[in-house]
Amino acid sequence: MNLALQLVYLALFAFYLFLLARLVCSVVVQFSRRWEPGPRAAALLETVYSVTDPPLKGLRKVIPPLRLGTVSIDLAFLALLLIVWILMDFVIGRNLS
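Numbering-wise, the working numbering comes out as the position in the sequence shown, counting from 1, plus 579.
Be careful, since some hints might not be right.
Unchecked claim - Lysine to aspartate or glutamate pairs mimicking EDC-like chemistry, simulated, CA-CA at most 20 Å apart:
| id | residue 1 | residue 2 |
| --- | --- | --- |
| 1 | LYS636 | ASP653 |
| 2 | LYS636 | GLU625 |
| 3 | LYS640 | ASP653 |
What the hints assert, rightly or not - Computed beta-carbon distance windows for the label pairs:
| id | residue 1 | residue 2 | range |
| --- | --- | --- | --- |
| 4 | LYS636 | ARG673 | 38 to 48 Å |
| 5 | GLN609 | ALA583 | 15 to 25 Å |
| 6 | GLY648 | ASN581 | 42 to 52 Å |
Hints are computed from structural coordinates only; laboratory data are not their basis. Computed from a predicted model, the values in this text were never measured in an experiment. C-beta atoms are modelled at their ideal positions from N, C-alpha and C, and glycine is treated no differently.
Sequences and hints are given; from them, build the entire structure.
Right, dumping it as structure tokens:
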């Protein structure tokens, strides 16, 4: 059981890293509109987006973005980040006992 929980934690941690990479990519694209990724970066970005898109699309159906005038905040991304973080904490707590 301990090995199974460690594998679940490792998968959650990897997904958390993918979410952080997506956050960094979004910020780079937001502030540097003329940036074009090279072939390696494009392959990495494609991997990051293909891993994180399915859960985000599902959450966006349930949690709409928060609109503040002309600004829109994606609450689904924040919720997914929080859910993964809580699940990681839960798995670590189960693993220690």
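Original post:
Taking each numbered hint in turn, which are not upheld by the structure, reported in ascending numerical order?
Top reply: Result: hints 4, 5 break, sorted rising.
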